[in-house]
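Take the given structure of chain A and dock chain B to it, following the hints.
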Amino acid sequence: MRITAEHLNFTYNPSSPFASKALKDVSLTIEEGEFFGIIGHTGSGKSTFVQHLNGLLRVPTSLKKYKAKKPKKGEILPPKTVLTVGEFDLTDKKTDFRALRKHVGMVFQYPEYQLFAETVEADVAFGLKNFSEKKLSDDEVKDAVKQALEIVGLDYEAMKDASPFDLSGGQKRRVAIAGVIVTRPEVLVLDEPAAGLDPLGKKEIMQLLHKLHKEWCQTVVIVSHDMDEISENCTKAAVFSEGEVKFVMPPSELFRHADELFSLGLDIPRTAKICRALEQRGVTLECDFTTEDLIRKALALKG
Amino acid sequence: MKAIEFRAVDFSYDNGGFAIKKLNFSVEEGEFVAVLGHNGSGKSTLARLCNGLLEADGGEIEIFSMPVSEKKNLYEIRKNVGIVFQNPDNQTVASIVEDDIAFGAENIGLSREEIGERISFALKAVGMEEFRHSTCTRLSGGQKQRIAIAGVLAIRPKIMILDESTAMLDPRGRKEVMDVVTRLNKEEGITVLLITHFMEEALRADRAVVMNRGEIVMQGTPQSIFARHEELETYNLSLPRIGYICNRLRDGGIPVHDTLDEEQLAEEIAQCVLRQSI
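So the protein lines, in turn, are chains A and B. Just so you know, we're using the numbering used here here: the first sequence kicks off at 1 and counts up by one. Just so you know, we're using the numbering used here here: the second sequence kicks off at 1 and counts up by one.
If you are wondering where the hints come from, they were derived from the structure by calculation, not from laboratory data. Computed from a predicted model, the values in this text were never measured in an experiment. All C-beta atoms, glycine included, are put in the ideal place defined by N, C-alpha and C. Among the clues, some could well be false.
[Said to hold, decoys possible] Computed Cβ-Cβ distance ranges for the label pairs, DEER-style:
1. HIS7(A) / ILE96(B): 43 to 51 Å
2. ARG281(A) / GLY252(B): 18 to 26 Å
3. SER263(A) / SER95(B): 33 to 41 Å
One chain only, chain A, in its complex shape (with noise of 0.2 Å):
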């Protein structure tokens, strides 16, 4: 599903004291099949544009109270707001949200806060039971929570009864992103996935994220403050600051642009400094600021 919004704009509180503008015509295409990550400073609109991907937050003209103002004589009306999510419009009020929602998985930050229920199976079940549209046997809960477990590795026996309390923090993660991932969604969204985890750790969310991008959900997007997670695994990415996008391209070129993002208040890979420092001692590596390729060419350098 391809993801595309052009002129979106929203504010917080409208018309009170504490209204705060957080996106501000922002525009950006997310082509089906990407790994995109999205980066800005705290504060920067990054998690209000993602929130809008599921219909979490909503285009006023989307709302059902939503009337329409009829331009003043002379009036010079804003540029028309366009998101669009796959087939779904989601600028319009008869837009099934709920079935937007199946489609599209969100997994907050810090996930696993949000467990609740007794067993792991059962909160792994919880989305899948209420998104389905007919009832759904035991059995076949039963085979989707066991796929959903299994693909983000965990064994279903050992886990299914045990208290989702009871686990280690990566675990705990796991079965949260098993509970929304288990409605098989064609787009997944975390935000900041692998936030709080130790090095270990964020690496095998990593490669889950990559494994679930192959099998599962064909288009990913990560919220991230890792420029190196981002260089390390994205194919595109979008940079938010203060409520507007200042880029969207692949990691290769964006972190070229080192001055204007330490400008930003945001940071490039290690990779990328290395070959900046390079630079300035009068050595060329061109590298796509991979960890991979920057030791290769770094060692084809000296041939």
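Then chain B, alone, in the frame of chain A:
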């Protein structure tokens, strides 16, 4: 003087298995010590034992020579040991920033004027002066965490323990917090125990300690620890990516030294490459 001293400390949670096993560990006053370890290695348990949030099953823990096991010491110990935890949302008690920071200071019975000054000091230290009258819930995660640190600073503890306090912050927020912590250590002489799995943060410490299964398995200057990468990997701690790059380059025939500094690495690569082209 020893700020923290553990002597043969044992601790296990109710579900069995040792979280801390016969641990001997001490921190000198004014020292900056980083504790590294993968999840479940016992490093957070260590922090909670320091001010009596958890009670040891065996052995002795002393804070400035005061045994933690004696109840009458706890008040004094907690005044001296401030802990900042990982999740900022769990550490806010009031609705307005200045009230939140005042909470600890009020509890130790300071005068109103003194509390006011300490709030100003703490907010300045974490770079949040402009948020003094803001609503806590309207702050971002990173800002909340800096408020939590400010709340601890307002008590002016002699020891500050950061239990993965920067794990939820963005890189800029993380650097700001680490700068604050480093400055408090160097200028105010506050003893810092930094629990982290960001290797880069551990570099700022005078000494690094690696924990695995409730035991200390490695100890030394951060640089000397990072040089032992193969050993680190056996404890499920991976090298910072740059360390891995150094290794691979060396294997491939570019003679670089272990470093965690990009500039230095680039310098060595450049020397090698440029020498060759002449």
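Hint check:
The beta-carbon spacing between HIS7(A) and ILE96(B), approximately 37 Å, falls outside the hinted interval of 43 to 51 Å. Checked against the hint of 18 to 26 Å, the pair ARG281(A) and GLY252(B) passes, with Cβ atoms roughly 19 Å apart. In this structure the hint that SER263(A) and SER95(B) lie 33 to 41 Å apart at CB holds, the actual value being about 35 Å.
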